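Chemist: These protein sequence lines are chains Z and V, in that order.
Residue numbers 175 to 1215, in my numbering, belong to the letters of the first sequence in order.
Residue numbers 497 to 859, in my numbering, belong to the letters of the second sequence in order.
One should not assume that every hint holds.
Below, simulated EDC-like cross-link-like pairs (lysine to aspartate or glutamate); rule was C-alpha separation at most 20 Å, straight line [to be verified]:
| hint | chain 1 | residue 1 | chain 2 | residue 2 |
| --- | --- | --- | --- | --- |
| 1 | Z | K1169 | Z | D1195 |
| 2 | V | K624 | V | D655 |
| 3 | V | K651 | Z | D830 |
| 4 | Z | K542 | Z | E580 |
| 5 | V | K554 | V | E625 |
| 6 | Z | K255 | Z | E276 |
| 7 | Z | K223 | V | D778 |
| 8 | V | K688 | Z | E580 |
| 9 | V | K651 | Z | D235 |
| 10 | V | K849 | Z | E785 |
| 11 | V | K846 | Z | E230 |
| 12 | Z | K1107 | Z | D1163 |
| 13 | V | K833 | Z | E236 |
| 14 | Z | K601 | Z | E231 |
| 15 | V | K717 | V | D684 |
| 16 | V | K859 | Z | D782 |
| 17 | Z | K271 | Z | E328 |
| 18 | V | K651 | Z | E236 |
| 19 | V | K702 | V | E566 |
| 20 | Z | K255 | V | D684 |
| 21 | V | K833 | Z | D235 |
| 22 | V | K833 | Z | E756 |
Label pairs and their computed distance ranges (CB to CB) [stated by the list, open to error]:
| hint | chain 1 | residue 1 | chain 2 | residue 2 | range |
| --- | --- | --- | --- | --- | --- |
| 23 | V | S661 | Z | E387 | 55 to 61 Å |
| 24 | V | G548 | Z | A373 | 32 to 38 Å |
| 25 | Z | A1017 | V | Q572 | 55 to 61 Å |
| 26 | V | Q572 | Z | D1159 | 51 to 57 Å |
| 27 | Z | A1017 | V | Q602 | 41 to 47 Å |
With the C-beta cut set under 10 Å, the calculated list includes, among others, these residues of chain Z facing chain V [said to hold, decoys possible]:
| hint | residue |
| --- | --- |
| 28 | E236 |
| 29 | Y240 |
| 30 | E644 |
| 31 | A823 |
These are calculated hints, taken from the structure and not from any lab test.
Treat the numbers as computed from the prediction; the structure is a model and nothing was measured.
Note that CB positions come from ideal geometry on N, CA and C, so glycine has one too.
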Amino acid sequence: MVDNQQSLRRTLPNLRVSSGLLVGVLMSGTFLASIPTCGIALGEEPAAKFLERLKEEGYYDEGLKYLDISLQRNRLPQAMKGEVDLERILLLQLSLKDVRSEKAVAEKIAAIEKGFKDFLAASKDHPRRGETLLKLADMYLAQGGQYLEEAKLEAKSDAGKTKAEELRLQARASLQLGFDTFGETITYLRPVLEGMQGANVKPNETERLALREKLQTEYRQGQILQAITSKFLAETYEPESAEWKKRLEDADTRLADVADKSSKQAGAKYLSLLNRGHVQALLRQIDAARESYNRVAENEEPGVFRTWRVQAVAGIVRLDSSPASGKYEAAVLRGEEQLKMADSRERDKPEWLDLQMAVAEARLAWLKTIDEKNDEGKYRNIRREARESLQNLAKRPGTLQRKATELLKDLGIETKVNEDTKLPEVKTFEEAVRAAQGRFNRAESGDATLQILDRQLQQAAVEDKPGIEEQIGIVTEDANRDRQQAIELHQTAFTLYRDGDSRDDLLQARFLQSYLYLKLGAFREAIAIADVILRTNRGSDMVLKAGAIELQAFAQLIDGTPSEKQAEWIPVFKGFVTRLVEVAPGTPESNQAVDVLASLAMREKQWDQAEEYFQLKPNFGGPKEFLLGRVRWAQYRQNMYAHRQDGTAETPEDTDLLQRAEKLMSRSYEVLEASNIDAKSLEGTNDLIGLYLQTGRLDDATRILNESGKGSIAQSENIADIDAKIQLETQRMRLQSLVQLAGQGRLQLAADEVAKSIAAMKSLSDQTGDPNMLTRSLQSLAADLQNQLETNKDPAQQAKLADAFKILVDQLVGLSTDAATLESIGSAMTLLASNLERLPSLAAKVPSLMQSAEAAFEKLRGLPESELQKIQRKPEEVLLKLGMAKRGAGKFKEAHALFIEGLQKSANNITIQIEAARNLLLWSGGTDAELLKQAMLGTERQANKKNLVWGWGQIAQTTSRYPNFQAEFFEARLNVAKCRAQLGDAEPDKDKKKKLYEAAIGDIRTTFVRFPELGGKTSHDEFDRLMREVQQKAGQPATGL
Amino acid sequence: MNIHFECKKFGHCFGRRPSLAALTLLLTMGLAMTGSPSARGQDRDRVYPIKGAAVTGKIVERTRDRVVVEVRGNNQNVPTNELQRIIFDGEPQAFSRTKDFAAQGQMDQAVEEFKKIDSGSLASDAMKEEYKFFRGYLAGNLALRGRGDPANALKLLSDWVREDSQSHQFYPAAEMMGDLALASGSADAAAKYYGGLANAPFPELKLKGNFLQGKALLSQKQAADAKARFTAVIDAKLSDPLSLKYQKLAKVALIRCDAADGKADQAIADLEKIVDEGDSTDSELFSELFNVLGSLFEGAGRLDEAELSYLKTDLLYPMQAEQHAEALYRLSQLWSKTGNAQRAADAKLKLGKLYPTSPWVKK
């Protein structure tokens, strides 16, 4: 009997849950259900739908406001006008859960009760009368349930007996009101529904059909809740008393009736059966209760039915493990079988925890039937399993925790524990907060002890170490327990908080709670509480502390997430950062939070977002922004490269990108302090200088280059262990700025200055161990200067810049005898000159620049072969480059001689063959027929009757046999046609001229028929262009390919 | 013979001679390419008008204004304002499904289908062109719903228009580009793109284009020009549902302009009349109406009514991305003003989360 009574008490919260669930399962909206067309309002304000949405989102006050204003302004649809008062009361009832003080709750309840009663008195036949009665009854039931809970708590102590009795009477009064009102609901709805039965409502009366369905639902709801209220009423009497029994039997009858008559309403049916099982168990109708539970447990439907199934299994476990039943093993097996079906997300839900408790209790009951001495192994196993379950439950805050602790104590688990480790009993907010602070302080002091023990452990003798390690274990366990208890005490404090308690203490308790969660690794909980502080305490010092905790908790959560999923944190983390910035702008905490957020975005390459996040900071600049600026600068350069390749112009978006790059980097440079410089800051500074140089802001570039303490040269000199590659970049920037200054006529390039720079660059390049580093650096310099030349539209300045670069190169050549330097500057100059050939305004400068390259290669050629080996170059390569430079300088004859020299050593070198043929073609100037023939057919006949210089024809024949020389093949074929066409140009005889043109057309056509793609778009276009040109000259339509 | 080439990295084989079949194919393609770009269709292209049965045949002309289909020797003309979609003969099924979903407004499914298309399997230029259009259009749709960068989507569509400005998809593209430009905060560019619609030969598109241009102008504070556009929309003699809807929207916009001139009370009364006479399932119109009402109430110091108006857009019309974002922004501002910091922060958070790229987030 005692077991059954305890079981009933245990189910009390479940019953409340059930009544709440009932509403969800059985009801499907209120206003919408009563007026089906309100959701689709034609020709009026969508008022009903809006009100419904306001309720769903918890905007109760706004709902009230809406009703008042709309009524006042006559803006409500006609259908709603008669229900405004009721809707107002329903909104008030919904808003009850947001009210905190007891006084305000009481006042609001009184107002709601009056409102409902007024409506009921004035609306005898209103379609929503049943719904209103139900709401009123439910309010009484909730009130009675609350009194009953409080009565039970009071009854636990001798001092509270009188108060408990008083509360029981209050509970009984409220519950009786509820019971009667549910009865009134049923009495009212029965005849209404009878009048709507069967053929009384025709299939085409959709509104009446919907209303009938709604009223049927309300009717069942009233029945179940009345039965549940009856069960509660029983609890207000002494167990086993006549009234207790009468009320339970009444509940049983009512629930049986609903279960029987709800075959088409699964929700009503199974909920009735579950509660009937509880009632039958209390009445010790074991088999009947098991039958009711089994029917619920056998229903495999998902959702709320699964919850009820677990509750029914717990009921069966309790039934079977009661002394009257005695089926302990079966009870445990049934419970375990169900527990195995729980997935990880379900295990902590109340119904599953309650099932765990039921199984643990079954094991404890089983233990009592086993003789420990005769069946020691079995006894020990069952005891261990019960203990493990209870220890698990004891760790979880909630109603079962205390019970689990008590049961563990019964098992003798706690008898060994120091009295001071028990959770203190507290009755007021103040007591709870004080006790929590005590536990917190002790845990913190435990941390200090741990630090000392750690030090001792490191210095201890081997034989002393196990003792210290044991001590560390004990202190760690104690500190964790203290923190856990402090958390529980805070939770208790929050529930005990009343209007008169200190708000400062509440804030402090919340802060400590978030800190405790952080310490125990419960990061989500830490975030939740810190966030509340952040949202509700603007202007308080606590906000910053809470922000710091939340930031740390987020950082831990993000770090603990696999890197590929870290981006998923961005939206929620952004929310926090935004709040923190709002309440504490410009603080180190909010700045740090913004940096973390932006870094996350940057890690995901969400550059725009990162930039946007930086805007959250009132003070701009910093290492992360420097980095983002560098990314933007790199993107801009990439775009510019693409434009150059595609022949397109810079877009406004590109300009914007450049401006943003400049802003990000310059702001970061401006806030940079000499004490904070590092490799990253130097890289950023170099990039900023590069940007200024490219955009012609020479003064800015020079300032940042030379600024004392934090300029790039100063950084390069002062940062310890800086990578030589970064220093080399600084030197390159310096040299480039000198050249550009000279280009503007603002500086005379001094030879010793150049020499100093190059020597420094050479030395740095050597340090990197990469022999090509200097070459690449100088080529970068050439590329940047070329870009300067291209973007500078002023021909005078362009010329000056080219001259300045030439001065640099000439001086370098004159000064240097280093093979790497000579090779680098020669190549850079060749590259620059080749590119400038494309710019009409600068094409005239090409020969002069090529002369500089020629000088460099000439000097290189004069060096011993051993020097060339150091830079991994062969003499024939140098010869080839010299030949090309000479050709560029217009010295075709000298170039020809060099190519012949190269071919004499290596006749099959296709590169030299191509350059030799190209030289002849250029040398011809398109007019010298003899040279054109040589370019096409070859020259320098050898003793073997073969030409040393093949010419384009033989180059094409040879390369056609080798699959890897596709580009060379097409170039040769194109040049054969070109030579023939130019021969046609030079031919005075009209017929011969025409034949030559036709032959050129034939050359192109043959190639096109064999290889329609002609080696790619660029090459195809060139063939097409030549075809059209020759067709025109031959007097044919210029149709091209 | 050995030949040397030090500077070259060896590439792929080109020496293999093309087979006769390949050569024939290349020649065929070459010939096809010499024909009109819009006359590359096959015999079983299907052209679905918005109303009526699909026309199956060979597309012989495809421009921004019309699609001409040759059916058994006769040409049938489908104006693009009446065109729902085209299924090209031989196009991948995933592509057809993409268009089908897009036509039904099921954009998420359209995006999923689009991802399945192997662009290499698109046999004709027309398919390739339309594939590029959908790439931009679907990206734009996602971006407008806060799931992508409007600027990127705009670039995709701009590139496409540059290549295929005579496409039958030109007008949807113009509208989307305008929307994206607005979402990126470039109202002047938006007005330019909407101009594509305004210059259409179809009266209802012209009207829509004028309305959208007016809206873009209004957001640049060019009230006089905007009013002229709205007035032109209202004065147009059209009676199809789409035109009537834009006329109502233009009326709302015009009232908004007038309210700015100090006629707030009259403006509120006019707008509430539209509410009373309108169909509240027209979410585009009603979300706009409630936002405008909200701003008028707010301007008149009737903050409770302003709050409720914005809440109507927030709670009843969350699928109207642009208006919803505006409502959330206004609510966050209003709640900040009335001391409800937590709600203000929540609204702002919701705005940033739902529409991270919206200009309202940056305000």
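Chemist: Out of the numbered hints, which ones does the structure contradict?
Modeler: Hints 1, 6, 8, 9, 14, 17, 18, 19, 20, 24, 27, 30 and 31 contradicted; others consistent.
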